[in-house]
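Here is what each chain is made of, one letter per residue.
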Amino acid sequence: MAQAVIFPKLGQTMEEGAIVKWLKKEGDAVAKGDILFEIETDKANLEVESFFEGVLLKIYVREGVTVPVNTVVGFVGASGEKVPDQPPAAEAAPAPAPAAEAAAAPAAPVAPVAPVATPAPVPQASAPAKPVALPAPVPAAAKRLVISPRARALAQAACIDPSRLKGTGPNGRIVEKDVRALMSAANYEALRITPAAKRLAAEKSVDILSVRGSGDGGRIMVEDIERALRRRPVTLSRMRQIIARRLVESKQTIPHFYVTVKADITDLMTFRADLKAKGLSYSVNDFVLEAVILSLEEFPVVNSVTDGVTVSWRGDVDLGMAVSVDNGLVVPVIRAAQSLTLAELNAQTKALAEKARTGKLLPDEMAGSTFTVSNMGMLNVDQFTAIINPGEAGILAVSSGRQVPAVVNGEVKIRTMMAMTLSADHRIVDGAVGAQFVNAIRAKLENIDLWKALV
Amino acid sequence: MFDYDVIVIGAGPGGYPAAIRAAQLGKKTAIIEKEAFGGTCLNWGCIPTKTLIASAERFHHAAHSEVFGVTAKGVAFDYAVMAARKDEIVKRLSGGVQGLLKSNGVTLIAGAARFEGPNRLSVVQPDGDTRWLSAATIIIAAGSDAAMPGFLPKDKRVMDSRAFLDLKALPKRLLVLGGGVIGCEFACMAAALGTRVTVVEMLEDIVMVLDRDVRRVLRKRMETLGVTLLTGAPLTGIAVKDGTVSGMYKDQAVTGDLLLVAVGRRPNTAALDLARAGVKVDERGTIPVDAQGRTNVASIFAVGDLVTGSIQLAHAATQQGVAAAEAAAGMKSAVEKVCPSCIFTSPEIGLAGLTEAKAQQLGRTVKTAIFPFAALGKAMAAGETDGFVKWICDSATGQVLGAQTVGAHATELIAEAALAIRNELTVDEVGRTIHSHPTMSEAWMEAAHAFHNACIHLPKR
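As you go down the protein sequences, you meet chains A and B in turn.
For the first sequence, the working numbering begins at 1 and goes up steadily by one.
For the second sequence, the working numbering begins at 456 and goes up steadily by one.
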């Protein structure tokens with residue numbers, strides 16, 4: 001009997017997703033464990049394997065269409081077996097709680113989002129040319145065009161956008177005469193366009209009156225139409241849309257304030273080099289994370305969350321770590337980081353970063369952080385501020401170490417200084433606490449005896 | 456001020472048109488040539504090879520026309536006469552180039568130029584004296600020479616294409632190193648005159664710039680001509696001994712009386728002392744330029760073979776030279792992007808625009824439309840049914856992005872395709888254009904119909 005292929009739920013918070021790519025076609029043989037399709041969730045692209053063996057008999061859900069989890073997307077069975085033309089109703093599944101969208105309550109951990117401005121993470125599957133994931137915004141669509149069929153046909157044949165026309169017919173209806181009037185006013189007959197450019201313009205509904213030609217004598221070339229097409233709005237990837245929504249929510253609901261300190265990491269760098277010589281490889285980031293974890297233990301309010309009415313301590317330090325990836329930025333979470341040794345922290349950080357870079361993070365590995373560190377140390381920046389992930393009370397923006405002249409015991413020395421800026425939720429973190437918190441982190445980074453004890 | 460408005464270095468197919476165009480635009484112009492007016496193309500490239508190929512084809516037709524009802528007995532050739540005819544034509548054309556330059560008022564200067572500054576050159580003249588010249592604009596058109604890799608034995612039996620053209624007799628057995636355009640052209644010419652030719656190419660096939668289907672036709676015909684094509688491995692252990700050149704291809708020994716080296720061309724930039732002018736040269740010795748042919752130094756242009764990414768064809772250099780001269784005169788000319796290539800093998804090959812492989816590499820969705828000469832009346836009448844024409848089209852709009860043709864007169868046929876591609880026609884315009892019957896060019900129209908699976912002269916598929 002044919003087996004239904006289900007759109008899987010890959011994380012507790014996952015409600016829906018889209019198949020970005022089918023790797024099998026209808027009629028293809030499928031072995032157990034073969035990758036059937038790739039899906040795009042809020043946070044990542046993941047491959048889905050077949051649990052069954054046979055032939056992919058039917059595909060119901062095309063690439064790019066967003067469906068709820070547990071939707072039947074196809075059937076695998078014996079060759080020639082009959083399957084329904086229409087997909088059966090979604091498999092019984094717990095109804096998604098509508099509250100999941102609701103704001104940042106600690107009980108409903110939300111997606112950590114990119115805290116820094118980075119290039120849009122557009123998954124490769126949704127190339128700009130085919131923004132299929134969501135309907136593209138059509139600004140003019142709101143206003144229904146009243147136009148005669150003849151006028152519409154003429155405008156279409158001439159590659160003119162009818163919405164730019166003023167109707168002179170009854171009730172402002174656009175008639176053929178109006179199209180001709182515009183063509184004459186715009187000197188349409190003098191317009192030069194190559195056959196291929198005109199064909200492309202017609203196919204993509206590009207208004208050629210608004211295109212400047214770059215060919216001989218201003219002739220419109222294919223390249224010019226392509227340039228016009230690139231100006232059209234492209235639907236953001238789901239990941240980018242989530243990021244956009246969360247960051248706006250954060251900036252609009254969380255009163256941010258910022259405190260910057262510069263830590264002198266000269267001795268830490270020396271200590272790190274000594275460790276390296278002994279075969280122990282730690283990154284500056286490891287020390288920063290550990291200093292943050294220890295400080296969060298000292299300042300529980302920074303590891304808390306508020307909805308404006310109540311405040312809840314998050315308990316464990318589930319530390320979010322922003323990792324830059326090819327198509328944007330992800331924030332894997334180090335669970336109960338306060339319980340890890342420095343060596344364990346180092347190992348976990350490495351493993352999560354590697355998973356992030358290879359796109360192997362599971363949605364649950366990117367949800368529910370209680371505080372986030374965004375380290376741009378390797379990106380050559382002097383200082384920056386980050387946006388708090390809703391559900392958290394703060395985020396630490398770590399910049400590059402810089403050799404600068406610094407005053408040490410009344411003398412000018414060359415020291416390596418690293419700026420760190422805390423963004424904090426002023427509803428629960430006061431300025432003084434924020435200042436103490438960042439100074440606690442700095443003190444730890446500058447205290448080599450501490451690191452000697454921890455390594 | 457400067458001695459000249461424009462000085463052009465090199466009087467090849469890039470340089471002399473640049474000088475003529477600059478002079479036409481009212482610039483006081485000089486051109487410096489160290490060797491022979493007309494450059495490689497005219498003296499040691501396009502023209503002499505095509506002259507010899509014409510001789511080879513005459514012989515081949517004379518000897519192989521029985522099916523046409525023409526039988527010739529005792530057909531023979533005299534290579535020395537062929538070579539003398541070639542020399543005569545080269546001499547006439549080279550004189551013509553000098554005449555054209557003079558008639559336009561361009562000053563001709565013999566000697567080897569090198570930069571002394573961004574606007575200054577020194578020229579070592581044939582008599583040994585050095586002359587100093589300055590110009591507001593300098594156009595570098597010094598061309599390229601055949602590459603002779605260091606691992607080759609230094610021997611008179613190991614030669615580049617230029618030395619090969621000076622031969623007064625063809626060898627009995629010819630070894631060709633490199634199955635690119637030049638290697639294959641010489642191989643076909645020599646084979647048509649009875650030489651046993653072996654071509655060794657390191658890449659997986661000959662003339663890799665072509666699509667596979669075109670290569671297949673060429674390969675088959677070359678093998679029919681008696682050329683041995685050894686591809687996918689290098690020629691190693693090359694040695695000259697007892698009047699023969701030998702080497703190893705995989706574990707097979709190959710020998711010839713001569714080795715023709717055709718492994719690419721090197722830009723003639725080293726001797727120009729470009730650093731003195733501040734002109735940037737990349738690691739391959741070629742000069743990067745912008746869309747108008749301007750180097751990083753605003754008053755210095757470069758055209759032709761020594762430009763980074765150049766297609767290394769005479770007609771490409773010519774267009775670049777004209778564009779550079781116009782840009783130097785303040786016009787907004789740009790180097791054209793569509794450049795047809797002609798390969799004078801047997802059969803001939805023409806290509807323009809994108810190949811199918813390149814279009815796919817660029818991520819374009821393409822559809823090809825092919826018409827075989829075997830289905831064309833004129834081709835049958837002329838006994839030239841090998842080969843085909845092929846459009847490479849955008850599958851959505853039908854725009855012709857590229858074209859390739861292999862077969863008789865392919866190098867002439869490609870001109871129509873270049874015009875269509877450059878002006879962004881679709882298969883519909885090509886298909887609706889009336890083509891004369893009976894001609895080979897009808898194939899382009901038929902192939903355009905093939906895009907819509909609507910050929911009149913092919914059985915319905």
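Careful, some of the hints might be misleading.
Stated by the list, open to error - SDA-like, lysine to any residue: derived pairs with alpha carbons at most 20 angstroms apart:
id : chain 1 : residue 1 : chain 2 : residue 2
1  : A       : LYS21     : B       : ARG819
2  : A       : LYS204    : A       : LYS262
3  : B       : LYS787    : A       : ALA453
4  : A       : LYS204    : A       : ARG240
5  : A       : LYS204    : B       : LEU563
6  : B       : LYS696    : B       : THR763
7  : A       : LYS350    : A       : LEU362
8  : B       : LYS489    : B       : LYS546
9  : A       : LYS262    : A       : GLY431
10 : A       : LYS204    : B       : THR820
11 : A       : LYS204    : B       : PHE514
12 : A       : LYS204    : A       : ALA157
13 : B       : LYS792    : A       : GLU223
14 : A       : LYS21     : A       : LYS82
15 : B       : LYS787    : A       : GLY215
16 : B       : LYS813    : B       : THR763
17 : B       : LYS787    : A       : ARG164
18 : A       : LYS276    : A       : GLU446
19 : B       : LYS792    : A       : ASP382
20 : A       : LYS276    : A       : LEU454
21 : B       : LYS541    : B       : LEU563
22 : B       : LYS675    : B       : THR699
23 : B       : LYS813    : A       : ALA157
24 : A       : LYS251    : A       : GLY64
25 : B       : LYS541    : B       : GLU521
26 : B       : LYS792    : A       : GLY64
27 : B       : LYS792    : A       : LYS278
28 : B       : LYS792    : A       : HIS426
29 : B       : LYS787    : A       : LEU229
30 : A       : LYS278    : A       : HIS426
31 : B       : LYS546    : B       : LEU563
32 : B       : LYS735    : B       : ALA746
33 : A       : LYS21     : B       : LYS541
34 : A       : LYS262    : A       : ARG164
35 : A       : LYS9      : A       : ASP28
36 : A       : LYS204    : B       : LYS541
37 : B       : LYS541    : B       : ALA624
38 : B       : LYS505    : B       : LYS541
39 : A       : LYS204    : B       : THR506
40 : B       : LYS541    : B       : PRO626
Just so you know, these hints were derived from the structure itself, not from any lab.
Each hint tested on the structure:
| no. | hint | verdict |
| --- | --- | --- |
| 1 | LYS21/A - ARG819/B | holds, 19 angstroms |
| 2 | LYS204/A - LYS262/A | violated, 54 angstroms |
| 3 | LYS787/B - ALA453/A | violated, 71 angstroms |
| 4 | LYS204/A - ARG240/A | violated, 25 angstroms |
| 5 | LYS204/A - LEU563/B | violated, 55 angstroms |
| 6 | LYS696/B - THR763/B | violated, 39 angstroms |
| 7 | LYS350/A - LEU362/A | holds, 16 angstroms |
| 8 | LYS489/B - LYS546/B | holds, 16 angstroms |
| 9 | LYS262/A - GLY431/A | holds, 17 angstroms |
| 10 | LYS204/A - THR820/B | holds, 16 angstroms |
| 11 | LYS204/A - PHE514/B | violated, 56 angstroms |
| 12 | LYS204/A - ALA157/A | holds, 12 angstroms |
| 13 | LYS792/B - GLU223/A | holds, 12 angstroms |
| 14 | LYS21/A - LYS82/A | violated, 24 angstroms |
| 15 | LYS787/B - GLY215/A | holds, 12 angstroms |
| 16 | LYS813/B - THR763/B | holds, 19 angstroms |
| 17 | LYS787/B - ARG164/A | violated, 34 angstroms |
| 18 | LYS276/A - GLU446/A | holds, 18 angstroms |
| 19 | LYS792/B - ASP382/A | violated, 44 angstroms |
| 20 | LYS276/A - LEU454/A | holds, 15 angstroms |
| 21 | LYS541/B - LEU563/B | violated, 25 angstroms |
| 22 | LYS675/B - THR699/B | violated, 28 angstroms |
| 23 | LYS813/B - ALA157/A | violated, 32 angstroms |
| 24 | LYS251/A - GLY64/A | violated, 30 angstroms |
| 25 | LYS541/B - GLU521/B | violated, 29 angstroms |
| 26 | LYS792/B - GLY64/A | violated, 36 angstroms |
| 27 | LYS792/B - LYS278/A | violated, 59 angstroms |
| 28 | LYS792/B - HIS426/A | violated, 60 angstroms |
| 29 | LYS787/B - LEU229/A | violated, 26 angstroms |
| 30 | LYS278/A - HIS426/A | violated, 44 angstroms |
| 31 | LYS546/B - LEU563/B | holds, 17 angstroms |
| 32 | LYS735/B - ALA746/B | holds, 16 angstroms |
| 33 | LYS21/A - LYS541/B | violated, 61 angstroms |
| 34 | LYS262/A - ARG164/A | violated, 57 angstroms |
| 35 | LYS9/A - ASP28/A | violated, 25 angstroms |
| 36 | LYS204/A - LYS541/B | violated, 55 angstroms |
| 37 | LYS541/B - ALA624/B | holds, 13 angstroms |
| 38 | LYS505/B - LYS541/B | holds, 9 angstroms |
| 39 | LYS204/A - THR506/B | violated, 51 angstroms |
| 40 | LYS541/B - PRO626/B | holds, 18 angstroms |
In summary, the structure is inconsistent with hints 2, 3, 4, 5, 6, 11, 14, 17, 19, 21, 22, 23, 24, 25, 26, 27, 28, 29, 30, 33, 34, 35, 36 and 39 from the numbered list given earlier, while agreeing with the others.
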